[in-house]
Amino acid sequence: MTAVRLSGIEKSFGSRPALLGANFVLEWGEVHALLGENGAGKSTLMNVLAGFYTADAGTLAVDGAPARFETPAAAAEAGIGMVHQHFKLVGPLSVLENIRLACAKRAGWKTKAEALAAMQTLGAELGFHLNPQARVDEMAVSDQQKLEIMKVLLAGARILILDEPTAVLTEEEAKAALGLVRTLARGGRAVVLITHKLRDVLGFSDRVSVMRAGRTVIDAAPAAGMTAASLSEAMVGTAPQGEIAPRTAHRLKPDMLRVMKLSAPASAHGVALREIDLDVKGGEIFGLAGIGGNGQAELVEALIGIRQLSGGDILFDGVDAPPTPEGRREAGLRYIPADRMGMGLFGELPLAVNIALPRLLGEKAERKWLVRKGWMNQLARAAIADYEVAGAAPDLPVRLLSGGNAQKLMLAREFAGEMSVLIAHSPTRGLDIRAVQAVQARLRAAAEAGVAVLLISEDLDEIMELSDRVAVMSHGRISPAEPVAQVDRARIGRLMLELH
Amino acid sequence: MGKLIVSPRLAAPPRLAAFTMLGGLGAGMLISAIFLLTQGLGLSDLASQFLGYTFTDPAGLDQTLTRAIPLTLVGLSVAVCLRVKFWNIGVEGQLWAGALAATTVPLYHIGPEPVHLWIMALAAMLGGGAWCGVCALARLKLRANEVVTTLLMNYVAYMLAQQLLYGAWRNPEDSFPVSRAFSPDETLALLGFGHVHAGIFFALAAALFCWWLCSLSRVGYMARAVAANPLAARAVGVPAAAVVLLMATLGGALSGLAGFTIVCGEEHKLTQFIGNDYIFPSIVIAYLARTSPLGVVVAAVAVAALYTAGDSLKAFYQLPGATVLTIQAILLLCVCCGEFLLRYRMDWVKTVKVRA
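First to last, the protein sequences are chains A and B.
Following UniProt numbering, the numbering of the first sequence begins with 1 at its first residue and continues without gaps.
Following UniProt numbering, the numbering of the second sequence begins with 1 at its first residue and continues without gaps.
Chain B with its partners taken away, still in its complex shape (with noise of 0.2 Å):
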């Protein structure tokens, strides 16, 4: 008789770390075209949409890509956030106080003309960091737990965005819940491919940004050592609460600037359609690339285009909207599980009875 023992790893091996990851993803993904087949797609289908729509079609590329941009701000906001163990479950939140700070720049026409864009950007910036920021300091001197905290400031945004499309900032000419729409000042430039805007820019400046920050400079260190051991960090010296608000306001930020690449790249007037669905697929992207900046930046293109693909499985075999959700699901789990033989040996071996 034999009987598998399972033991936790000293160490584990890069190799492995690189392996179990592509394992998961590729389990992930046979699961996922398993349940598409399903769904009754066929073989020929899949390849067409995942492989020919999502990477070859101009169309395609052109959306994946547009998505890609406030998916890889939101992904990098998470990962930044979890350099110091700091749950954030409010990019959405975060987002939407991005997008509603952009917005008053014009709307009350704060600053120079010429300069709106910047001025927007520094906004949402301010806006998402204060929203996120305010939960960092609640969990610093009150010990309110981020996760509820960050998850419920998602509501509060949402509602005050509801508040002012609905009254303040309500499209005078046509009485839309949609504020006026932005001049080209204050719009980020198309590069002449689809409907991809110069947001791609910021969100490759601020992942080249998160790299050097957690990689190269001093505070990334900080927080791995805050993450790794929080009471050591404060007795060996590291400002353990400046470096966790840090991280969580600079985590805010980046998902604000996400809201302000989708108001100023993509829908040019705050609409009532930009913060939504951002929550899950921002998690889902942090973890894939665990937590590493560069690799949010890959790991937020590959969920975009999955979404592209869900959109055409929608639009011509009539697959409901929550199909990408579910492969986001699958996905997930797959590498989650492989995390697990990342930590743990298993072995076989041969048992002995036990005289007790």
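In isolation and in its complexed conformation, chain A is listed as follows (with noise of 0.2 Å):
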């Protein structure tokens, strides 16, 4: 039995095309993934099934009966609900009211207490353990996440599609998910897994479709007949470059990065840092590992320096690091967050704006009385043509660029100019596999030309592959630091979960 169907869809946004008639097959009681890299398509043709946007052109059926939704509320009716990468929440409401503002018409609940108990059912059902009073926009990203996926289930969706759910969950957390999205689908929904991560396809899949530009080049085969290698380059057109070389010997500067003894007090529903030591070399790539919410966030804050301290101190390079954001920015430290549009980019202003802005602060700075468009457009256009930044151009808001290629501007920003500290949060995160190898090979690049790199990542593949030396940070804590040839994954599991 079909659950959804459709055919030869098409979208643009304003003259730029997302979708050239792309099609797409769900039956009921499998869980199908959809593959392809960043701007392929994959989220626009979703957001359509789920009344998010209407098409432009083509049919959807749902159940074998035509269907069109014009708004989520409506897809929602019919039983279909997504979780969105860029979650859908209301930020300075708490995990319970997010809950009913959500689901309470849908599940007919009258009292708090009937909102609180589904929560908990379903909760447990799921092994997810979160506080209902906790605010939301204080919460860490992998329990947004997980908010998410319970108000999609409460609201009683059958066709559920998931916008790569596994992106910021730990391992573990991961395959917990996907199995229980299996025990879903065999219960009789149909599920839709967006991934960039094969091992969501092959493990987890029935089938698979994948998109390229906007069109559906395999179009739901069964994901057994599927190998890495096929599904790669069908994603990407040829097979994508194998191993990375290795880096080349060079030598260490010691001290560019060295935290002392630092703690900061925990704001609500943070984590408090307690006594941290960490020193990164310069030219080295150090790899911090955990899971999300243990004090990553808070710690780069304090690096930063828009987190007020308990304790501690932070050097650069040997001496006291600048109090203010705007001085340590000048002594080298440059920083790649975790939430792009939230810390890192502004979303309303051009990009020539957001590639120039840096380099108008401070005491080096290279314009201070007549900054000239053209100036900031010739950077721009140098940006966007060194870090191949498609779909873009120096006058175009960059909440408009997908988020592989806000990234790319991302690095473009943060890598111009004097850099010797460089802290990287969970950077390839939801990018397809272009994007990371050319992600990681600039951060590879930057290690290699001296710079000190600390690499906060929560998908220990690209810390164990990247990193020179591996700490593990949990409940506001650092583990000591270890050459990554002496560990192993087991290990640093057993750190993620013991360091108390």
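Calculated directly from the structure, the hints in this document are not laboratory data.
Check each hint, because a few of them may be wrong.
[To be verified] Simulated pairs of lysine-lysine, DSBU-like, Cα-Cα distance not exceeding 35 Å: (1) B/Lys3 x B/Lys314; (2) A/Lys364 x B/Lys141; (3) A/Lys253 x A/Lys364; (4) B/Lys85 x A/Lys368; (5) B/Lys141 x A/Lys88; (6) B/Lys141 x A/Lys110; (7) A/Lys112 x A/Lys88; (8) A/Lys261 x B/Lys85; (9) A/Lys88 x B/Lys350; (10) A/Lys261 x A/Lys373.
[Unchecked claim] From the structure, some residues in chain B lie toward chain A, with a derived Cβ separation under 8 Å: (11) Leu10; (12) Gln39; (13) Leu216; (14) Met222; (15) Arg224; (16) Ala228; (17) Pro230; (18) Leu231; (19) Arg234; (20) Ala235; (21) Gly237; (22) Val238; (23) Gly338.
Please read these numbers as outputs of a predicted model, since none were measured by experiment.
Cβ atoms here follow ideal geometry from the backbone N, Cα and C, with glycine treated the same way.
Combine the two chains into a complex, taking the hints into account.
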């Protein structure tokens, strides 16, 4: 029985086509993986199904009957629920309030207690433990996603669309979540997994569709017959390059970034930093693994100078770090945030302003009294070319870029000028293979050029592949660093859980 | 069956922005005209009052330009503050603070006599700047909402002025609640066209300065960053607090300068009537100009013309003073509605039944 059939879907944003006749067929009872590079149109196609966008052309059928969803509510009425990569949560409200807001009407809850009971029942079943009173904008990203999944299920979705569901989860959590997704499908629902991770496809999906440049290139093929090589070839057109060449040996410069007994009080629902010691040498990549929400965000804020400390020292190249964010930037600190649009880029401002802004700051500013558009546009065009930012123009508002291209822009801006310390927080999350490779290559190149790179990531593969030394963050503390050759995954997993 | 679908635009083309602005203004004028017709005016009266008197009659034009001087400055004040999303609802208080600060110069003989005028301008900017800057500090340090603090500071300044006019600064000769008259060195020269005084150069220079600051200097780009995403601005290294403080203080200084142009250009002494009814027009002007400093000049002249027409309506047709306020409100509402069309796209689509 066919749950959903999308045929010949077309959709343009302004003059930019995103879908050029895409097809998609979803059966009841299956987990269906939808693959594609950033900007291939996966999210757009699923947004059409979920009623967030209306298609310019093409047909949509649910349960064999033609349909057209003008609103997400209409799609939800038909049993379609989507968990977005960019969460649709109300930040200032609590977990329970978000759930009631999204589901109370459909679930028929009259009281807060009913909602709480339903939430706790589902939470126990899924193995998620969320504090119902926690404020959403103060929760870790991984918890926010758990809340999103709960919301969709509590609203009674029969057709689930999960956009990059495992991107923010740890390996164990991801396996549990994918296992649950399979159970839900076996129970008669239909699940779409939008993903970049081949493991999700090969290990947990029944069938797979692949999109490339707005078209469906593999249409509902059985996942069993697929290999990692055949899928990635379908996604990128040509087989991606294999291993990146190992880094050449180079001299390390000690103490480029040294943190001593750093402590900071916890903000509401946050994590306190407890006597953190850290020493990142110039020329190395220091991998900080750990489950999200264990103080990584707080540590980053302390390092870039926007969090009040209760004790400890931060030294750049042996001297005390300047107290202000602008001073630290001038001292050579650069930062790639986990939340690009929240902490890094200015979505409403043109690309050229995003690129030029840091060059206007501080004593060494390149332009102070007369900032010409032509100069900014020139910088922007150079960045677009150097970093291969697709679909970009100097005057384009940055919010219109796809995730991978926005990240490339982020790198172009941060890597400009004299960099001595780089903090990269989940720099490849949610990116496609090619963008991941580009970002990782840039990180390696930075280290080779003598930069002290602190890589904070929940993706263990990435940590193991890139880092020279590895430490684990848990409950606001950091384990002693070890050379990557001496640690194994199981050990790191234990550290993540044991460090109290 | 069809259905109207309203969807947000990804990016609005600049031509559409101009079109919606003009359309909003046009609709506003049409509704205002209908409103005036219901108040007993004839069509020909409308034309003669609004176009004839305000722009072609020298007396009307004189009044319009004179009034446009402080209106430009308070419009700029709100506009530069809005550049960092700082809502300055306190231009009157800042204007009073500027006027009071300027008045201290002749009353207490501060500085050499020949340059009194320049010292007065400086004092007015300091007074107005402090009046607004303290609200910015309260927002940055205490998280006090500036809409409330700037609004309340209006009353503080007004009461302070009353205290001084009925107390220490009362005219010693006749005991009227006005300061003693300023000497010719302490007033702005007339330009030979009615009441239009040299303050017009201050207003135009201020507009040019604000245009440079917002559009060409690095401060303008830092302000955009702070307005667009304060957290990212701090993370990138924009001194966000300093930028907000600077823009808000500059905004206050511009309102203070407006107070200076009134006491030195129009009244030639401190009176009780220098800072009334500026809050609403200042917001209307900044909004109509979309916070563009050069646009503020045009919008200020337009709003000043509206007041000129309103005065003659009051004199010849016995319409109440609130008429002008009503028309300003109609224009603002219409332009705001036009904004909706700019942000959202409307499509007429055929609906298909959805099976649940």
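- Hey, B/Lys141 versus A/Lys110, does the alpha-carbon distance stay inside 35 Å? violated, 42 Å
- Task: Decide if the proposed pair is consistent with the structure: A/Lys261 and B/Lys85, CA atoms, cutoff 35 Å inclusive.
- Result: Judged against 35 Å, a Cα distance of about 39 Å means the pair is violated.
- Query: Do the numbers back the hint for B/Ala228, that is, is its least Cβ distance to chain A under 8 Å?
  - Reply: holds, 4 Å
- Message: Run the distance test for B/Lys141 versus A/Lys88: straight-line Cα separation, threshold 35 Å.
- Response: At roughly 31 Å apart (the allowed maximum being 35 Å), A/Lys88 and B/Lys141 satisfy the hint.
- Should the hint that B/Leu216 touches chain A count as held when the rule is a Cβ pair under 8 Å? This hint holds: B/Leu216 lies near chain A, its Cβ roughly 6 Å from the closest one there, short of 8 Å.
- Message: Can you verify the interface hint for B/Leu231: is its Cβ closer than 8 Å to any Cβ in chain A?
- Response: At about 6 Å, which falls below the 8 Å cut-off, the nearest Cβ of chain A leaves the hint on B/Leu231 intact, so it holds.
- Query: Is the interface hint for B/Leu10 satisfied, with its Cβ closer than 8 Å to some Cβ of chain A?
  - Reply: holds, 5 Å
- Query: Between A/Lys112 and A/Lys88, does the CA-CA distance stay at or below 35 Å?
  - Reply: Roughly 21 Å between the alpha carbons, so the hint for A/Lys112 and A/Lys88 holds.
- Message: Interface hint check: B/Arg224, Cβ to nearest Cβ on chain A, cutoff 8 Å. Holds or violated?
- Response: Where the cut-off is 8 Å and the nearest Cβ of chain A is about 6 Å from B/Arg224, the hint holds.
- Query: Between B/Lys3 and B/Lys314, does the CA-CA distance stay at or below 35 Å?
  - Reply: At roughly 47 Å apart (the allowed maximum being 35 Å), B/Lys314 and B/Lys3 break the hint.
- Query: At a threshold of 8 Å, is the proposed contact between B/Val238 and chain A supported by beta-carbon distances?
  - Reply: holds, 6 Å
- Message: For a C-alpha distance cap of 35 Å, please report whether A/Lys261 and A/Lys373 respect it.
- Response: Given that 35 Å is the threshold and the Cα spacing comes to 46 Å, the pair is violated.
In terms of the numbered hints stated before, the structure departs from hints 1, 6, 8, 10, 12, 17 and 23, listed from lowest to highest.
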